[in-house]
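*Asks:* Put chain V on the given structure of chain R with help from the hints.
Here the protein sequences come in this chain order: R and V. For the first sequence, counting from 1, position 282 maps to 282 in this note's numbering; every step adds exactly one. Every position in the second sequence, counted from 1, becomes a number in this note's numbering once 428 is added.
Simulated from the structure, these hints should not be mistaken for lab results. There may be inaccurate statements among the hints.
Said to hold, decoys possible - Some but not every residue of chain R turned toward chain V, in silico, with C-beta under 10 angstroms:
1. VAL124
2. THR321
3. PRO408
4. TRP413
5. LEU416
To be verified - Taking lysine-lysine pairs in the DSS-like style, the calculated list, with each CA pair at most 27 angstroms apart, reads:
6. LYS622(V) - LYS638(V)
7. LYS194(R) - LYS71(R)
8. LYS71(R) - LYS775(V)
9. LYS71(R) - LYS853(V)
10. LYS622(V) - LYS499(V)
11. LYS499(V) - LYS425(R)
12. LYS347(R) - LYS775(V)
For glycine and all other residues, C-beta sits at the position ideal for the given N, C-alpha and C.
2 protein chains.
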Amino acid sequence: MRLVVIGGVAAGLSAAARARRADPGMHITVLERGGVIAYGACGFPYFAQGQARQWEDLVVYTPDQFARDRKIAVRTNAEAVAIEHPRRVVRLAGGEAVPYEKLVIATGARARRDLPELAADPRVFGLNTLDEARRLRARLDASPPGRAAVIGGGYLGLEAVDVLRARGWRVTLVHGGASFLGRATPWLTDLIRKHLERCRVEVRLHERWKSVPDGFDLAVPALGLRPNVELAAAAGVQLGRTGAIQVTDRMETNLNSVYAAGDCAETLHRVSGRPAWIPLGTTANKTGRVAGANAAGLRERFPGVVGTSIVRICGLGVAVTGLSEEMARREGFEPVSARIEAPDRPKYFRRGLVTVELVADRRTGRLLGAAVAGDTGAATRINVAAAALAAQSTVEEFQHLDLAYAPPFAAVWDPLLIAAQQTIKLLH
Amino acid sequence: MRLVVIGGVAAGLSAAARARRADPGMHITVLERGGVIAYGACGFPYFAQGQARQWEDLVVYTPDQFARDRKIAVRTNAEAVAIEHPRRVVRLAGGEAVPYEKLVIATGARARRDLPELAADPRVFGLNTLDEARRLRARLDASPPGRAAVIGGGYLGLEAVDVLRARGWRVTLVHGGASFLGRATPWLTDLIRKHLERCRVEVRLHERWKSVPDGFDLAVPALGLRPNVELAAAAGVQLGRTGAIQVTDRMETNLNSVYAAGDCAETLHRVSGRPAWIPLGTTANKTGRVAGANAAGLRERFPGVVGTSIVRICGLGVAVTGLSEEMARREGFEPVSARIEAPDRPKYFRRGLVTVELVADRRTGRLLGAAVAGDTGAATRINVAAAALAAQSTVEEFQHLDLAYAPPFAAVWDPLLIAAQQTIKLLH
Numbered sequence: 001m002r003l004v005v006i007g008g009v010a011a012g013l014s015a016a017a018r019a020r021r022a023d024p025g026m027h028i029t030v031l032e033r034g035g036v037i038a039y040g041a042c043g044f045p046y047f048a049q050g051q052a053r054q055w056e057d058l059v060v061y062t063p064d065q066f067a068r069d070r071k072i073a074v075r076t077n078a079e080a081v082a083i084e085h086p087r088r089v090v091r092l093a094g095g096e097a098v099p100y101e102k103l104v105i106a107t108g109a110r111a112r113r114d115l116p117e118l119a120a121d122p123r124v125f126g127l128n129t130l131d132e133a134r135r136l137r138a139r140l141d142a143s144p145p146g147r148a149a150v151i152g153g154g155y156l157g158l159e160a161v162d163v164l165r166a167r168g169w170r171v172t173l174v175h176g177g178a179s180f181l182g183r184a185t186p187w188l189t190d191l192i193r194k195h196l197e198r199c200r201v202e203v204r205l206h207e208r209w210k211s212v213p214d215g216f217d218l219a220v221p222a223l224g225l226r227p228n229v230e231l232a233a234a235a236g237v238q239l240g241r242t243g244a245i246q247v248t249d250r251m252e253t254n255l256n257s258v259y260a261a262g263d264c265a266e267t268l269h270r271v272s273g274r275p276a277w278i279p280l281g282t283t284a285n286k287t288g289r290v291a292g293a294n295a296a297g298l299r300e301r302f303p304g305v306v307g308t309s310i311v312r313i314c315g316l317g318v319a320v321t322g323l324s325e326e327m328a329r330r331e332g333f334e335p336v337s338a339r340i341e342a343p344d345r346p347k348y349f350r351r352g353l354v355t356v357e358l359v360a361d362r363r364t365g366r367l368l369g370a371a372v373a374g375d376t377g378a379a380t381r382i383n384v385a386a387a388a389l390a391a392q393s394t395v396e397e398f399q400h401l402d403l404a405y406a407p408p409f410a411a412v413w414d415p416l417l418i419a420a421q422q423t424i425k426l427l428h
Numbered sequence: 429m430r431l432v433v434i435g436g437v438a439a440g441l442s443a444a445a446r447a448r449r450a451d452p453g454m455h456i457t458v459l460e461r462g463g464v465i466a467y468g469a470c471g472f473p474y475f476a477q478g479q480a481r482q483w484e485d486l487v488v489y490t491p492d493q494f495a496r497d498r499k500i501a502v503r504t505n506a507e508a509v510a511i512e513h514p515r516r517v518v519r520l521a522g523g524e525a526v527p528y529e530k531l532v533i534a535t536g537a538r539a540r541r542d543l544p545e546l547a548a549d550p551r552v553f554g555l556n557t558l559d560e561a562r563r564l565r566a567r568l569d570a571s572p573p574g575r576a577a578v579i580g581g582g583y584l585g586l587e588a589v590d591v592l593r594a595r596g597w598r599v600t601l602v603h604g605g606a607s608f609l610g611r612a613t614p615w616l617t618d619l620i621r622k623h624l625e626r627c628r629v630e631v632r633l634h635e636r637w638k639s640v641p642d643g644f645d646l647a648v649p650a651l652g653l654r655p656n657v658e659l660a661a662a663a664g665v666q667l668g669r670t671g672a673i674q675v676t677d678r679m680e681t682n683l684n685s686v687y688a689a690g691d692c693a694e695t696l697h698r699v700s701g702r703p704a705w706i707p708l709g710t711t712a713n714k715t716g717r718v719a720g721a722n723a724a725g726l727r728e729r730f731p732g733v734v735g736t737s738i739v740r741i742c743g744l745g746v747a748v749t750g751l752s753e754e755m756a757r758r759e760g761f762e763p764v765s766a767r768i769e770a771p772d773r774p775k776y777f778r779r780g781l782v783t784v785e786l787v788a789d790r791r792t793g794r795l796l797g798a799a800v801a802g803d804t805g806a807a808t809r810i811n812v813a814a815a816a817l818a819a820q821s822t823v824e825e826f827q828h829l830d831l832a833y834a835p836p837f838a839a840v841w842d843p844l845l846i847a848a849q850q851t852i853k854l855l856h
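With the rest of the complex left out, here is chain R:
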């Protein structure tokens, strides 16, 4: 059996490695357009900052390691330009035809670049590719800190602010919308904005910049992502409502023996019950594994995501999972939400207050979503809510969770449980 994987980063390599474990005899080729594989794109901001000292620190495997340890051929600088599915070949830029019996499409996502003036400005630096991250790092290393603009208030934009502040730059954050992180949750936007202002970041909401004004030495646009689906779509692969590739829970596309995984594909949102496009490295690894297993003849399924994400912003940790109240309403739920602020430890160990919001469905009592903001250690408690969402728990069940307590770690009433108690009051 001959498996070809298009894309040599998270999803593609997870698929290839999983297929190899499932079928030691399979012939597996990974085609990677770029010169480097297996890099952690989520680390680009931290490499630019200098937290990761060299770009090689972002790289988990080399093609040689894949060839030697897994007998997987990884071809770099091999750009697939067409999938000729009736003939079962992938056409490369040089004209070569790479035959497959099973195909995994893991072409990822790219930054939106629909503002040509930004692209032409030498002060503008991206953070979406390894080359961009290296160029930004070189720029930050080349001069003392100056004045920077970050354009976009999503995850990458806020990470860029974090990195530039850590390097000592004066930062203006410009965001076209009214709220950060793509969540129309006013308190969360307020909390982030106030925190940014305390960290001496100038925040401008409702502003759309098409170019970078004078007075700025550097700008980082982070205007969102688009799935790389053109190759797939041209071959007849069905896209979903989100614009990403439509897949089953086995990561199958509409074409027989063709799978898709990672940032180019949709996933089921387990709370809304509908397909969503939430490009993330963790999901890419998981869906890649499932695609690889199924391509190799196993039967595995990916149950979907609950929409968990986390970001560090100048020492503040912000994490969300599930649906916000506004998203829940749009999905047909009847949401209530309670938000509390509570200490993360007994006062003699206290580092700070944690803000927790829970969203629940009034009709069923089911937990629908959560948001947590606090110091970076505090924010990871979002994972407890993520586990409860996966289990479709009610808030009533959630309030009884047996969470670990000892004074160095936690408060006797965890902020999650206090938030659950407050949410329950709204249900009755």
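*Replies:* What follows is chain V alone, placed relative to chain R:
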């Protein structure tokens, strides 16, 4: 309606406060044997250490606050010596009879003190009562650090080691059993022992000391707890197999209108499905709330615990939840377990490796338990397993959890998920 609560700490005050919210007209009296209420006993080690500067930092409420804010009469130095249930009165040490219609027994637990030679030795200091904690703190403040023995390798013993090391004492830990934390898990005992030895603690397992040898300046026995059930038992309250008070999921005892909550009562272990006695402040607060709600005429239930606990030992965080492999076998499961060691972050953010063990049932694939050891931030991920246990998740479901990932917080494959993948391999 007249409610009397015996015990003015976690469970008792939670019950009283919850009853008040449920019924503003109820007449509520709390009888506390000691002079101080609402103290966090879990903080005693950290007060002895000096992390909590004054003992008042451990106290959440005063009787005056309860009287003023909640109209609850809290009587300190009021020792209940008998429950005369046929007449519905609690008899106090001075002879006074306090009438009740509803009664909540929240008499807590006490340290085992079955070694008279230890009790008589002026070098011996307890950590189970506020007075003991104050006496130990005064001792630690009174002289430069010397040589100390801690007798007992449960939670309190390991916390005592932590505190004494933090104060600069040379410490010998003496434990009668073969394993720490009451869990016969050899790798966990090894890991803790090696860590203690790296922290220059002398560890002696399989040794039972009945007295403190010459050469030690101080000793802290921590030989386990016993539920305070004598008062209840004398009144005809049924005890369970564990020796603690048997209760329903509404915290009802066998006596009509008499509830029990906190460290004196059993709780359902949700994994084994059987009553257990796991005295903990968090459970005391939760069961107290449920007892108070039901005593006030509501109908609430406590679903039980999954056996989560956590301890800090000289910078190491160790946390467990659910059943160990050995406990699971004893409960009739067919357990498999996998243990992995994995980085908690990408290498450029790494603080250390986290060890995770998961236990699952071979027949059903159900997750049965987890143990996590790592730095103190890493150990709190036990809560994700606690949530999964409450939901009776399978390991298959667990491996797909949508956990938060960004490089400052986590590795792209969380150690929990890697452990789940390894556990699944053992199921097939």
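*Asks:* Now, for every hint given, state plainly whether the structure supports it.
*Replies:* Okay, the hints, checked on the actual structure:
no.: 1; hint: VAL124; result: violated, 24 angstroms
no.: 2; hint: THR321; result: holds, 7 angstroms
no.: 3; hint: PRO408; result: holds, 4 angstroms
no.: 4; hint: TRP413; result: holds, 7 angstroms
no.: 5; hint: LEU416; result: holds, 8 angstroms
no.: 6; hint: LYS622(V) - LYS638(V); result: holds, 26 angstroms
no.: 7; hint: LYS194(R) - LYS71(R); result: violated, 52 angstroms
no.: 8; hint: LYS71(R) - LYS775(V); result: holds, 26 angstroms
no.: 9; hint: LYS71(R) - LYS853(V); result: holds, 22 angstroms
no.: 10; hint: LYS622(V) - LYS499(V); result: violated, 52 angstroms
no.: 11; hint: LYS499(V) - LYS425(R); result: holds, 22 angstroms
no.: 12; hint: LYS347(R) - LYS775(V); result: violated, 33 angstroms
In summary, the structure is inconsistent with hints 1, 7, 10, 12 from the numbered list given earlier, while agreeing with the others.
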